[in-house]
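Enquirer: Take these sequences, add in the hints, and give me the full structure.
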Amino acid sequence: MRLSDEERSMLAGEMGAARRQALQHQMRVGDFFGAEDLVPVTQAHVMADSESLGEAGIAWLEQLARLPIDDRTVRIPTITDPRGIDFSQAATLRQAAWMLNLEQRLADAFRELGVMLTDTCINYQTVQPATRGEHVAFGDTGVVIYSNSVCGARSNFEGGPSAIAAGLTGRTPRYGFHLDAARGANVHVRVDWTPATLDEWGALGAVIGRLAGNYWAVPVIEGIECAPGSDALKHFGAAMASFGSIALFHIVGLTPEAPKLADVLAAGAREVAVGRRDVEALRASYRVDDRVDVVVFSGPQLSLLELRALAGLCDGRRFVVPLLAVTSPQVKPDADRMGFTRRIEEAGGTVLSGMCFYQSHAREIAEANGWKRLATNSAKMVNILGGYGYLPMLASMEACVDAACSGYLK
Amino acid sequence: MMTEEFSATHAMGEQVEGVALVASDGFSARYDLDRIRGVFSRPQHKLAGQSYVDRILVLDTAKGGVASAWMLHEMKSRGVVPLALVFNSVNPIIAQGAAFGDLTMLAGFERDITVALRTGDRLRLLPGQRLLRRVLVASTTG
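Respectively, the protein sequence lines represent chains Z and L.
Per numbering that gives the first Met the number 0, the first sequence starts with residue 0, numbered consecutively.
Per numbering that gives the first Met the number 0, the second sequence starts with residue 0, numbered consecutively.
Think of the hints as simulated: they come from the structure by calculation, not from any bench.
On a predicted model such as this, the values are computed, not experimentally measured, just so you know.
None of the hints are false.
Residues from chain Z that face chain L, not an exhaustive set, calculated with beta carbons under 8 Å:
id : residue
1  : A55
2  : F156
3  : I383
Heads up, the beta-carbon is just placed ideally off N, CA and C, and yes, glycines get one too.
Expert: Structure representation (structure tokens):
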């Protein structure tokens, strides 16, 4: 890889051990993908929940945090993805003391590095969206696909160690979606139906993600007959990234790089057709039971508008199974102030902040609470939670709230 | 049978030799694995219930979320980790995870590597030469 004078200085250790280690890591990854150089980035977003890091990852982070302050402090705004614990609700979820201990050590180490603990996977709704052409190093796959596709920014999936490296060096290897060559559409998706609800948007994203199939596939979607809102595109992108590892999509006439199909369609693009039947088949494949042990709205965290909608569905209801709604620390105070939290809690629900359900030691809390059959309106969640021993089922927000009241998903 | 070789377009890590565990399916440490027991746990996965520990995992592509970048490192710290990873195609996360976890990985072959190889094959991975060598074919009688 071609290095600038400053990068050579980092590699030589002249800017401290942390930056040297970070640049070495970036060069290994860059060499693997044939990157010619590094590109400066303006923001980094770090996925780092204590379950993923475990003792080994946290010890690694603590070793960085013990370095001199000039060596260890990030050089660009570096923020965090949701983590594993909302300390105020840990008892509600029956999270164990060892989980809280890991999470506290993790947060302490991040503060020593100068990382801002935003704890959100919807930073494009709540902190600061990246802009068209802005090179960033973002973590959560839902954040990356939204930023690339809806905002027109440029990021690869950056795992936690790589996002921390980007925070320390202020750059990332220039490969993949930082390059024009990777952003053309190689899968042409024609849809004959436009989703109406968030779970339908997620399911459509899931179907397209499965069909597209890998990180280097870029779908362009034709046939969407409305301007979906940010929450719809959030669920659409998050599910596509989850089911297909997709990092960029275009929607003709909607997303910034695709005013017209010809603007993005690459020669030889694969043609696929997707309709409502495909979405219904996906949803049906997860309907294995009609009873529900827990209802969860999470993954991605809920926006203020989603919490408003949920609060409206909770008025006058009484839940017989737990209902959990997860949002960001930026949204939660507004939800409190506007009474949404109170209305959800009066029905028996719980509003959690700064965490994500599937990053919260999901297997252990399932065992502790006797949860197996889980209803959600998040297609991303149903894809993930099977591996944690759940039977996840996908339904609309309305059907999920009804299930919380009756214990049955209709 | 003669030793067979497969060239990879992407490679990292040290030379290793071991037994293959093969499936035409994806890979995500968070979505697919019970990392405590060291087995594939997502019921829909083609390797569901099988142990991946000390095997050379041969799969189609890396899927899903960014957690694998941390999780490979965590799995290695406990010794509940594949010996190496081989994919038809990879996403950045798995490459970042292999780099951080110091695992050997090859990716990008002219043939579908999940069809060319079989579970039980003995493989030698030579990242410096971007080569995968099959040194022993699995018995058809199992």
